[in-house]
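Residues in the sequence shown are numbered from 125 upward in steps of one, following this note's numbering.
Bear in mind the hints are in silico, worked out from the structure with no lab data behind them. Don't take each hint at face value.
[To be verified] Taking lysine to any residue pairs in the SDA-like style, the calculated list, with each CA pair at most 20 angstroms apart, reads:
(1) LYS165 with ALA151
(2) LYS165 with GLN191
(3) LYS165 with GLN240
(4) LYS324 with GLN345
(5) LYS377 with ALA364
(6) LYS377 with GLU275
(7) LYS288 with ALA302
(8) LYS373 with LYS324
(9) LYS288 with HIS202
In this text, all values refer to a predicted model and were calculated from it rather than measured experimentally.
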Amino acid sequence: MYLDVRSDWLSHVDEVPRALVAASAVANLGALEQSPRHHHKKAQLLFTVRGVINCEVEDAVWIVPPQCAVWIPGGLPHTVFGSGEVECISLFIDPPEAPNLPTECCTVTVSNFLRQLLMRANALPDLYDIDGPDGRIVSVIFDELAVAPVEDLRLPIPGDPRLKKLTDLLIVAPADHATVAEWASRIALSERSLSRLLAKEVGMSFGRWRRQLHIVLALRQLSTGRTVQAVAMDLGYESASSFVTMFRKMVGKPPSRYLLERRRPVLYDRGEG
């Protein structure tokens, strides 16, 4: 099934009497930007084969780099948009009672084993045999999802209008070296008020929230082939090494290794099972 966000197609997904329905898509940035905000009764696992997808919900943007997936609980309004050409597999899931699947939106690491299972799931017929081999594959997928590691690839979006203005300013000028007090003054707040408001709205300090924004911007640029040096300069770091240090602290590994692990070739053929 080819991924679409039309309301009639989403209704079809919800009406299929199976715990899992798979779909796939290959699209460019422009096409995915047009995806309207929508929701469905089934939960969704959106796995990125190549490219970077961003999933936006009411209070956050979740980054989904290659070989990662985002879990979207059923009924949660969201929209997706890409960075460059993207290829993805989407599983719509009506979670059974037994597996301990996520209850909130999150980005998960996809192991080699789970990756192959997702590829196999993409070839399943809508009305697969629940008691046959296909049904057993679906059960294993649920087991693997229940233990998949969660990555902190989330940018909280504050609801306060002043903080939303600050977000826009930071996105436009990510290399601006203004102090926290100077950023606060630009949105008519004191430094203390800004810190208090950020802690309340997004649960982060200004420094960590800004670094998280830099991770979002960096992954989008690096996924298009830009060098670490170029991205570091665009984000205002004094050197590539200082950017790499920040990236490692936030993500757990340097950008070159992080991207290399997600650029391993993946066979993608719906005709293979």
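Status of each hint after checking the structure:
no. : hint               : result
1   : LYS165 with ALA151 : violated (24 angstroms)
2   : LYS165 with GLN191 : violated (25 angstroms)
3   : LYS165 with GLN240 : violated (26 angstroms)
4   : LYS324 with GLN345 : violated (30 angstroms)
5   : LYS377 with ALA364 : holds (14 angstroms)
6   : LYS377 with GLU275 : holds (12 angstroms)
7   : LYS288 with ALA302 : holds (18 angstroms)
8   : LYS373 with LYS324 : violated (24 angstroms)
9   : LYS288 with HIS202 : holds (18 angstroms)
Of the numbered hints stated above, those contradicted by the structure are hints 1, 2, 3, 4, 8, listed in ascending order.
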